[in-house]
Amino acid sequence: MPVLLLVPCYIEHLRPAIGLATARLLERLGVDWRYPADQTCCGQPAYNAGHPDFALPAARHFLRRFGSAERVVSPSASCVAMLRRYPELPGLSPAERAEFAALAPRCHELSDYLVNVLGRETVGARWPGRVAFQDGCHALRELGIAEAPRRLLAAVEGLELVEASDPERECCGFGGVFAVKLPELSAAMADARLAALAAAGTDTLALTDASCLLQLEGRARQRGRPFRGLHLAEILAAEGAAQAGATGGAAQAGVAGDTAA
Amino acid sequence: MSAPATRDFRRRSTAALADAELHANLRRATGQTLAKRRALLAELPGADADREAIAAIRAQSHAAREALLAQAKVQLAAAGFTVHEAADAAAARALVLALLEAAGARRVVKSKSMITEEIDLNTALADAGIEVVETDLGEFIVQQLGQRPSHITAPALHLNRRQIGALFAERGLGPASEDPEALTAQARVHLRAKFLAAEAGITGANFVVAETGTLVLLENEGNIGLSSSLPPLHIAIAGIEKVLPRLADLDPLLRLLPLNATGQRAGSYTSLINGPAPAGDGPTARHVIFLDGGRRALAASPEAEILACLRCGSCLNVCPCFRHAGGHAYGGVYPGPLGILLAPYLGGAPAPAGGASAHGPATSLADVCALCDACAEICPAEIPLPTLIWKARTAREAASGAGSARPWRLFAALTARPRAWRFAGALLRLALKPPLRGLTARLAPTWNAERALPAAPARSFAAELARRHPGRLA
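Protein chains in written order, with our numbering: chain A, 1 to 261; chain B, 1 to 474.
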């Protein structure tokens, strides 16, 4: 039975290169996968904003499209954390609640799937350079994912993994509606992460969530800071040539990732 | 768009962010406490078991609160305490004033206690012509400045030694210095005279043990010990949620409270007070005032679990909002994640009974949280703080009418209609490209003022996939 791929809406519409890298990686690993083309959004924006009832249509749509899957894999820890919360949504019928509860443990963030389901830590990737890793809050604290992405990165040929998370592993400042309601504070939180990156002696950051990536990239570009944000999938899919054209700032990295994919 | 409390927070936090010295003080002080805690945690393999034990004790205390409170009152009275209960802040202030007046006390020493901040006791005492001196060093410093504490266990954490030295010199407490030991000595000389002259001492209470009628007070500086033992009259004010069933319950609490509050293995002093002194050695009268002050209303609300809070302050230290904005940005008595939950009930106007109805837009800071979960991870009582903040946010949204729901109604409709969703995505990509990009930036000022808008790709992921891996579409 093929694995079903869930691609978050911000990757779908803003950074398709991450989705394509995920596809390329799964191809290379010989995973039988499918992409349900009429998927939408996990519903988390409404949920986080305090409107769980308006996350319900998204959850039901997800159940219709993904409910029969043996495994659901996503390059977004944040969305997977939302899928795992579906059984607690208000307004569910007992039957729906049971279906969501049964589906939740079959939904995996990409690094968790590779390491803990497939048992793969080496995926044949090559990426020469110094790369830092940023823990996403939902990955780290809701899903308990800290080791898997680091093991995968450490096994990438030529890659030197450094820690840029401060010991408190602080949030990048995105937080959904938080970034819009308190933009100055959100930006200060992003600045702290960018400063930690600079202190780690690199401008390349690997992340498991495109939402954190877009926040940090947007802030770095606004401030003219050197920054190259890469989703974990983009590094794991690379075979040595993909990063050759992207040596400059964030905009080039995004474009280069797109064309090289 | 935002609740007034959030707008006020935004204004105050933006000012705090512009103060580079304040920002550096906050980051350094919270970071140091977290580092000490982390180092010590490695030596404490039982911390997880302690957290579970504390959560169980607090749940039990919550479930049996009224019975435990009744038991505590009986045991405290048997030990010689005089016990009172105050329904609200005004009643508590009136009780304190009446007790001081009856004893003829005009000079009062006070130890740091958030509950006295909650009822704004110092203002009431000053208005009655009573001298009240804060004896905790951090609290003494903020009192000199006429400020509220910016942190619940480290009131002056927003200041550095240079600022404190300048303040002390200005107040004539001693020669200008930046040496913490010299500054502490200056405060000590000043406070010693105040302790000796005081006719009453006022403290809070970390816990009250129902089984034995014991007040439990933790500290590092010895000032609580002096405030509660030197003057002839001792008044302790305790929230009704502070009652513990048994003396044995202190075991995990006395380990994790200092660990989380200050990164210490134990508090320097732990006072267990079992009533007035029998023969003139210490206060001849001890009073305990139990304060409701919104706690019973909170106990009936969806956020009732916050009553298990030990007031260690570790959720403040680890909260990225607090670490950048500081405590004063929250505008109330209690800052940080715990403050967001307590503020609608404690330290303000009396909250209406009945839970969610207490959340007015005027009192909700529920948007001041990125839902990062760091506070839940560190909380020694295992309180699910972000979940409770999210519940408060949900209640606030439900109370604020159809306007706040409108965009989410549209969002919900789109998420159930794949073709409409794709179309909305195509519009978004179009809006991010010239010639519309500049207009979009102007229409999205709260995003764009601080961050550059993302670049728009030529095609969506689904469209690219259809070109490259058509067989994989399902």
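Note that these hints are calculated values from the structure, not bench results. Where hints are given, some of them may not hold.
Label-pair distances were calculated between CB atoms; the ranges are [claimed, not checked]: (1) B/Thr-123 <-> A/Pro-105: 26 to 36 Å; (2) B/Arg-417 <-> A/Gly-201: 39 to 49 Å; (3) A/Gly-224 <-> B/Arg-38: 30 to 40 Å.
Where is the CB? At the ideal position from N, CA and C, for every residue including glycine.
Do the hints match the structure? See the list:
1. B/Thr-123 <-> A/Pro-105: 26 to 36 Å: violated, 55 Å
2. B/Arg-417 <-> A/Gly-201: 39 to 49 Å: About 48 Å separates the Cβ atoms of B/Arg-417 and A/Gly-201, which means 39 to 49 Å holds.
3. A/Gly-224 <-> B/Arg-38: 30 to 40 Å: holds, 34 Å
Hint compliance for this structure: hint 1 alone is broken.
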